[in-house]
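Throw the hints in and build the complete structure from the sequences for me.
Here is what each chain is made of, one letter per residue.
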Amino acid sequence: DTAVSQTPKYLVTQMGNDKSIKCEQNLGHDTMYWYKQDSKKFLKIMFSYNNKELIINETVPNRFSPKSPDKAHLNLHINSLELGDSAVYFCASSQDLGNSPLHFGNGTRLTVT
Amino acid sequence: GNSVTQMEGPVTLSEEAFLTINCTYTATGYPSLFWYVQYPGEGLQLLLKATKADDKGSNKGFEATYRKETTSFHLEKGSVQVSDSAVYFCALSSARQLTFGSGTQLTVLP
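The listed protein sequences correspond, in order, to chains Y and F.
Sequential numbering from 1 applies to the first sequence in my numbering.
Sequential numbering from 1001 applies to the second sequence in my numbering.
The set of hints was computed from the structure by calculation and includes no laboratory data.
Keep in mind that the hints are not guaranteed to be accurate.
Said to hold, decoys possible - Under the rule of at most 27 Å between Cα atoms (straight-line distance), these lysine-lysine pairs were calculated in the DSS-like manner: (1) 1060/F / 19/Y; (2) 1052/F / 44/Y; (3) 1052/F / 40/Y; (4) 9/Y / 67/Y; (5) 1068/F / 44/Y; (6) 41/Y / 19/Y.
Claimed, not checked - A few chain F residues that face chain Y, going by a derived Cβ cut-off under 7 Å, partial list only: (7) 1043; (8) 1046; (9) 1087; (10) 1093.
Small disclaimer: the values here were computed from a predicted structure and weren't measured.
Glycine is no exception: its CB is placed at the ideal position from the N, C-alpha and C atoms.
Structure (structure tokens):
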């Protein structure tokens, strides 16, 4: 019955590898997001999708590519991983792009060695 | 552009102490204001919200009042518990943009 679920919870990989993080929401929301949280807990929006359409694409390296096969899923693929990509990545969803509150997944802790 | 400034942490309190975490904002238009809480190892959860001036959001003993004149939305709780230890984020939503503050780490000691 988890509202926003993301997998895997932990991801340890070497520099140069390609990895994906999956996210699914069962809330019927129209909008989904990817956030990056650094070691100081600072949250940075990376992408948002509304009804499978890319809405926000902040300044992130083009090694990061989101994919939304349907409005309940938003996956994040990362190519050529770098040490600086180590962080916790959160998926979130909201009912719409207005003032609706966000529902977050429990995060994926990515460690690049 | 929009911005949120919240007091820097970490904040350490004894159980049953009074808590205030300050939050001020700048925004165009009439934003909605939120407090989110992040417990260790989890994602953020909505704690409370207020959508217009003078609204008071409340939940789990926490309160915050939307003050347009001072552009503030300070979080308060009269008596904190050890289980309130978490990171608290102030946020605003305006013109389809959500802006988070930098987070305040709260530790409550027994």
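Now the hints, each set against the structure:
1. 1060/F / 19/Y: Answer violated: residue 1060/F to residue 19/Y is near 39 Å, above 27 Å.
2. 1052/F / 44/Y: 26 Å, holds
3. 1052/F / 40/Y: 31 Å, violated
4. 9/Y / 67/Y: Answer holds: residue 9/Y to residue 67/Y is near 19 Å, not above 27 Å.
5. 1068/F / 44/Y: 26 Å, holds
6. 41/Y / 19/Y: 23 Å, holds
7. 1043: Status holds, d = 3 Å.
8. 1046: Interface hint status for residue 1046/F: holds (4 Å vs cutoff 7 Å).
9. 1087: Constraint on residue 1087/F satisfied, holds at 5 Å.
10. 1093: Given a least distance of 4 Å, the restraint on residue 1093/F holds.
Hints 1, 3 from the earlier list are contradicted by this structure; the remaining hints agree with it.
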